[in-house]
Amino acid sequence: MPKMMGHNKMGVPEKSKRGIKGVMKEILTYFDKLKLPGAIALVIAAVGAFLTIVGPSQIRKITDLISSSLTTGIDLNAITEVGVWMLGIYGLSSLLMWLQHYIMATITLALSQKMRGDLSQKINKVPMSFYSKAYHGDILSRVTNDVSTLQQTLANSIPSMTSAIAQFIGCLVMMFVSEWRLAIASILVTMLGFLLMSQIMRHSQKYFISRQSNLGKLNAFIEEIYSNHHVIRLSRAVSKTEDSFEKLNKAVYTANWKSQFFSGVMQPLMNVIGNLGYVTVCILGAVLAIKGDITIGTIVAFIMYVRLFTSPLSTLAQGMTNLQSAAAAGDRVFDFLNEKEMDDESEKTAAIDKVKGDVVFDHIRFSYQDAPDKTVIKDFSAHVKPGQKVAIVGPTGAGKTTMVNLLMRFFDVNSGEIRIDGVNISQMKRESVHDLFSMVLQDTWLFEGTVRENLVFNQVGITDEILEKACRACGIFHFIETLPNGFDTVLGENITVSSGQKQLLTIARAMIQNHPMMILDEATSSVDTRTELIAQRAMDALSSCRTSFVIAHRLSTIKNADLILVMNEGNIIEQGTHESLLKQGGFYAQLYNSQFENTAG
Amino acid sequence: MFTLIRKMKKREWLMAIICALLVLAQIFFDLKLPDFMSDLTILIKTEGSRISDILMTGLKMLVCTLISATLAVACGFLASKTAAGLSLTIRSDIFKKVSEFGQEEMLQFSVPSLINRTTNDITQIQMFIAIGLQLLIKAPVMAVWAIIKIVNKSLNLSLITAAFVVAILSMMAVVIVVVVPRFRKVQKLTDNVNLVARENLTGLNVIHAFNAEDYQNSKFEEANSSLMKTQLFNQRTFAIMMPFVNFAMNALSLVILWVGASIVNSVPATDIAMRVSTFGDIVVFGTYASYVVMSLMMLVMIFMFLPAAQVSATRINQVLKTNSSLMEGDQTRSSEKGSVEFRNVSFHYPSSDKNVLEDISFSARRGETVAIIGATGSGKTTLVGLIARFYDVTSGEVLVDGVNVKDYSFDALYDRVGFITQKPVLFSASVKDNVLFGESNGKNTQDNAEQALDIAQASDFVDKMPNGINSPIAQGGANLSGGQKQRISIARAIAREPEILVFDDSFSALDYKTDALLRKELGQKLKHTTKIIVAQRIGTIRNADKIIVLDEGQSVGVGTHDELLASCEVYREIAMSQLSAEELEN
Chain A
1 MPKMMGHNKM
11 GVPEKSKRGI
21 KGVMKEILTY
31 FDKLKLPGAI
41 ALVIAAVGAF
51 LTIVGPSQIR
61 KITDLISSSL
71 TTGIDLNAIT
81 EVGVWMLGIY
91 GLSSLLMWLQ
101 HYIMATITLA
111 LSQKMRGDLS
121 QKINKVPMSF
131 YSKAYHGDIL
141 SRVTNDVSTL
151 QQTLANSIPS
161 MTSAIAQFIG
171 CLVMMFVSEW
181 RLAIASILVT
191 MLGFLLMSQI
201 MRHSQKYFIS
211 RQSNLGKLNA
221 FIEEIYSNHH
231 VIRLSRAVSK
241 TEDSFEKLNK
251 AVYTANWKSQ
261 FFSGVMQPLM
271 NVIGNLGYVT
281 VCILGAVLAI
291 KGDITIGTIV
301 AFIMYVRLFT
311 SPLSTLAQGM
321 TNLQSAAAAG
331 DRVFDFLNEK
341 EMDDESEKTA
351 AIDKVKGDVV
361 FDHIRFSYQD
371 APDKTVIKDF
381 SAHVKPGQKV
391 AIVGPTGAGK
401 TTMVNLLMRF
411 FDVNSGEIRI
421 DGVNISQMKR
431 ESVHDLFSMV
441 LQDTWLFEGT
451 VRENLVFNQV
461 GITDEILEKA
471 CRACGIFHFI
481 ETLPNGFDTV
491 LGENITVSSG
501 QKQLLTIARA
511 MIQNHPMMIL
521 DEATSSVDTR
531 TELIAQRAMD
541 ALSSCRTSFV
551 IAHRLSTIKN
561 ADLILVMNEG
571 NIIEQGTHES
581 LLKQGGFYAQ
591 LYNSQFENTA
601 G
Chain G
602 MFTLIRKMKK
612 REWLMAIICA
622 LLVLAQIFFD
632 LKLPDFMSDL
642 TILIKTEGSR
652 ISDILMTGLK
662 MLVCTLISAT
672 LAVACGFLAS
682 KTAAGLSLTI
692 RSDIFKKVSE
702 FGQEEMLQFS
712 VPSLINRTTN
722 DITQIQMFIA
732 IGLQLLIKAP
742 VMAVWAIIKI
752 VNKSLNLSLI
762 TAAFVVAILS
772 MMAVVIVVVV
782 PRFRKVQKLT
792 DNVNLVAREN
802 LTGLNVIHAF
812 NAEDYQNSKF
822 EEANSSLMKT
832 QLFNQRTFAI
842 MMPFVNFAMN
852 ALSLVILWVG
862 ASIVNSVPAT
872 DIAMRVSTFG
882 DIVVFGTYAS
892 YVVMSLMMLV
902 MIFMFLPAAQ
912 VSATRINQVL
922 KTNSSLMEGD
932 QTRSSEKGSV
942 EFRNVSFHYP
952 SSDKNVLEDI
962 SFSARRGETV
972 AIIGATGSGK
982 TTLVGLIARF
992 YDVTSGEVLV
1002 DGVNVKDYSF
1012 DALYDRVGFI
1022 TQKPVLFSAS
1032 VKDNVLFGES
1042 NGKNTQDNAE
1052 QALDIAQASD
1062 FVDKMPNGIN
1072 SPIAQGGANL
1082 SGGQKQRISI
1092 ARAIAREPEI
1102 LVFDDSFSAL
1112 DYKTDALLRK
1122 ELGQKLKHTT
1132 KIIVAQRIGT
1142 IRNADKIIVL
1152 DEGQSVGVGT
1162 HDELLASCEV
1172 YREIAMSQLS
1182 AEELEN
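So the sequence lines, in the order shown, correspond to chains A and G. Each residue of the first sequence is one higher than the one before, counting from 1 in this note's numbering. Each residue of the second sequence is one higher than the one before, counting from 602 in this note's numbering.
Quick caveat, the hints were computed from the structure, so don't treat them as lab data. Just so we're clear, the structure is a prediction, and the values are computed from it rather than from any experiment. Note that beta-carbon positions come from the ideal geometry of N, C-alpha and C, so glycine has one too. Take the hints with a grain of salt, since some may be wrong.
Dumping the calculated BS3-like pairs for lysine-lysine here, alpha-carbon to alpha-carbon at most 27 Å [as the list claims (entries may be wrong)]:
{"no.": "1", "chain 1": "A", "residue 1": "K114", "chain 2": "G", "residue 2": "K786"}
{"no.": "2", "chain 1": "G", "residue 1": "K1044", "chain 2": "G", "residue 2": "K1024"}
{"no.": "3", "chain 1": "G", "residue 1": "K830", "chain 2": "A", "residue 2": "K35"}
{"no.": "4", "chain 1": "A", "residue 1": "K61", "chain 2": "G", "residue 2": "K646"}
{"no.": "5", "chain 1": "G", "residue 1": "K830", "chain 2": "A", "residue 2": "K122"}
{"no.": "6", "chain 1": "G", "residue 1": "K698", "chain 2": "A", "residue 2": "K247"}
{"no.": "7", "chain 1": "A", "residue 1": "K374", "chain 2": "A", "residue 2": "K125"}
Taking CB as the label site, the calculated pair distances span [said to hold, decoys possible]:
{"no.": "8", "chain 1": "A", "residue 1": "D343", "chain 2": "G", "residue 2": "D954", "range": "48 to 56 Å"}
{"no.": "9", "chain 1": "G", "residue 1": "Q788", "chain 2": "A", "residue 2": "S244", "range": "29 to 37 Å"}
{"no.": "10", "chain 1": "G", "residue 1": "P1067", "chain 2": "A", "residue 2": "N414", "range": "54 to 62 Å"}
{"no.": "11", "chain 1": "G", "residue 1": "S827", "chain 2": "A", "residue 2": "M191", "range": "42 to 50 Å"}
Start from the sequences and build out the full structure, keeping to the hints where you can.
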């Protein structure tokens, strides 16, 4: 899965669905607490910016004080007065700036924590069908990358843009107030520069996009090659893959330097525009000064204004780019958060008190949401009596796992119903259905943690005796004993656990759970048959009066089932016991006998 | 970091040096501006200056600015080419290094981490070089240059500027010392958040089945809040930096004027010309002083990039410095054909001292079928992996065609041995390209691919695919069932036409019928190919010439099905667990 693809770390603007405004609105409704402190922080930012603008006018005062009194004596007291006053303003402005950063960091991080938590919870709330179209890597990227992009933009770009706007407006006003000719000249020069820059930016856009897509391709390639590293060597494909890699690498290089060039040139160009303004003010100012229209102080002040005036414009340009990528990130976060959840079931009250384990499948029909035309289960009916061990067999793609998923209500049937002890399971809460079954799945799922944590999982009141008993029964206790810290060994890099042992651990976990019925979906496919037999006996003992469902390829696993359901293409084509099916001489018998065919192998 | 920079090629060094020179030139022109400014001040203050003089000076300033702009663009061009070129080299070095790695190194680093090191980490370095190349040269040079320009103008003012510089630098130092270690921590904690969320995604069914949503959520919240706390500390600490530097900068220009006023005042009022030039100096001094501080701010920017780049550089170097534990031999010839022999082989994984295989000896001659059976965790996969050199033996020898596998060049070994892994591996390419993957003895023709698919019992479903043998396979074979994937990966090994085929439990997802047909074809069409088969099903292996029974890493029985039934307790138990007594008789 190309997990890094589609994510856009470098802040390339993408077209956002909600738009910047839409995302900001949604954030405010999503996280109410953001509003007040956020508004305060923005006001503080604006006030801080206005204070900075006062600076140049005071500097002008000092310069003029000195300059005008060059021939007489300088009034140091007056200068001191202005100086102290200004120092106070600068201090206050910095204090406000810090306060604003502090508030923004605090609230946006709170927002990001809430988002991450909600995204993670959402993972368990969307229906299973959602995952047929979603990549894991993509969802993970929303939880980590997109949330932090949003957080950083909110914390930095929004306040800096606010103060930039304040500074810009303030500067404009101050410039016109002090000298309108200089003001117009410097604005013209600056605008000219920005026109140039926006042209360059528009032109360079395609290089950023091509860099992201080339990086994505490279990433997908690397992922495939690294994951299958051993096969590459076995197939002597090392030099061939290196050639393909070099080609991709070269493409990334080209896109890389071009985009890097354009983004790197922005900053120096900004400086040049600033200098251009500086030069204009100097020349025009000098001419005006000689004519006696303005003072030196005005020129000095104006030079500072030009700097103060150009910097917010580049902040705004940069901020817009950041906001665009934040909007894209926000889209991705909210799209997932707004994803349709599983139906609310708090109304459902149906429950089974004393579970007998009578399961009826009544004309089940099912197709996946994303492919409604392809019926996976066509017309499945069966009656399983309490305590029966039911085996479901059939070729891959017959719909075996789907049936079990319907029984667990991971998916809901299109028509027909499943009744347990006479209760339609769609009338029950999903959790209540789950509580009826201990389930072991095809894919072993172990997480990073100790053996004990993996076995106990979310269950409470599990003593060491229970653990030991379950592990002995599954034939995995000996293995655990040989681990350096027994049950407290962390399953990770340094512990080699074979795929069969992993399956046994998950079986033990389900046994500990000890629910009234059992589902085993290819639970022992990697376990050797002897160990399987031990585990099976243990499970049989455990479930002697429990209904259990077993899916398996290996026919020895299912031979002693009370009822074998043979599935093909979404239907039951044969059912009965091992003996009766063999006698029938149909699909099952053919499947079974092929293992004895004499081959020269 | 420096180890990586040394990887630059001659051309890149040249570009970097030219870029550095251009930066110097650029600084020269930038710093000319205040000089002109000073000239202008004097022109204004001098009675009777002509407008044309002013315009002349202005023109000079304009030319300086434009030259500086041109230089900046040229420099940006060189810097980005250098940085991208370096990242091209490093990326290709890493990729080549990883292809040399053995299983041990792959496990040690883990695939996702290696992917990150090949992409994200290199991007970090590249960004740092591209920005650093300009700023790292520009900032100090500019600072020094500006300092030289002002230092002899006024001792007092210089001292004041120095004091501010020291204050800003120590402030930065404190923040960096406090925050940088926590940067690394944030990286780790983010990994952790990722880990927990990924676990949740991969275990969705189990979590639902166990109603463990709350358990998982609280686990996530733990990771989430410790990440948030560390980030909060970092960002709050960083919040102090910019306001502080800002204040220092503003205060400096203020103080310079302030002190400057008293300096001007100390010049006797009679010497007006002196007073004017002193005043001009002070105005210029202010500009230069702000250059000094600005350069320092640029340094701050670099220092904000540096920790991340340094972490990345370390991660990249770890890969580049790791030597594969697997040494390639150089032998290509052998005297025998199609033979495999284990001589007193013992093996334990590098991570533990416990032997996984102990004193295993057996041999297979050309055309023979040798099967390996045993309990879960008995060492079957490990054993056959030694033939393909996934790991090297701890003691003893593994011989292929009479030569120790360690002595072969990789090409020579993998021309002899075709290996089908437990988990089928497919690439996103056409069926044909998957079958004819890599170089081999086999012909690189469609005929060969079709024949291999035929033997592997894959022709049926491949023919039914929309474009037959040219149909695409999705990444990881997502559009195929488990059994189909296994058959294509078997075809891939067959198409290589090796002398020896190793099947590591590669029939497990096949139904009995396909399994039987496949073995029949193998027996008939590949009569002279030696086959080593790991399997769980007795049916798969009962006709083998030799069966080796493994139990906890030891060979507890060697013989044919019938011999072992009679003599080997473990084998009988395995057989009985699958077939009834009368079925075994048949």
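Here's how the hints hold up against the structure:
| no. | hint | in the structure |
| --- | --- | --- |
| 1 | K114/A x K786/G | 20 Å, holds |
| 2 | K1044/G x K1024/G | 26 Å, holds |
| 3 | K830/G x K35/A | 22 Å, holds |
| 4 | K61/A x K646/G | 17 Å, holds |
| 5 | K830/G x K122/A | 23 Å, holds |
| 6 | K698/G x K247/A | 17 Å, holds |
| 7 | K374/A x K125/A | 26 Å, holds |
| 8 | D343/A x D954/G: 48 to 56 Å | 55 Å, holds |
| 9 | Q788/G x S244/A: 29 to 37 Å | 31 Å, holds |
| 10 | P1067/G x N414/A: 54 to 62 Å | 28 Å, violated |
| 11 | S827/G x M191/A: 42 to 50 Å | 49 Å, holds |
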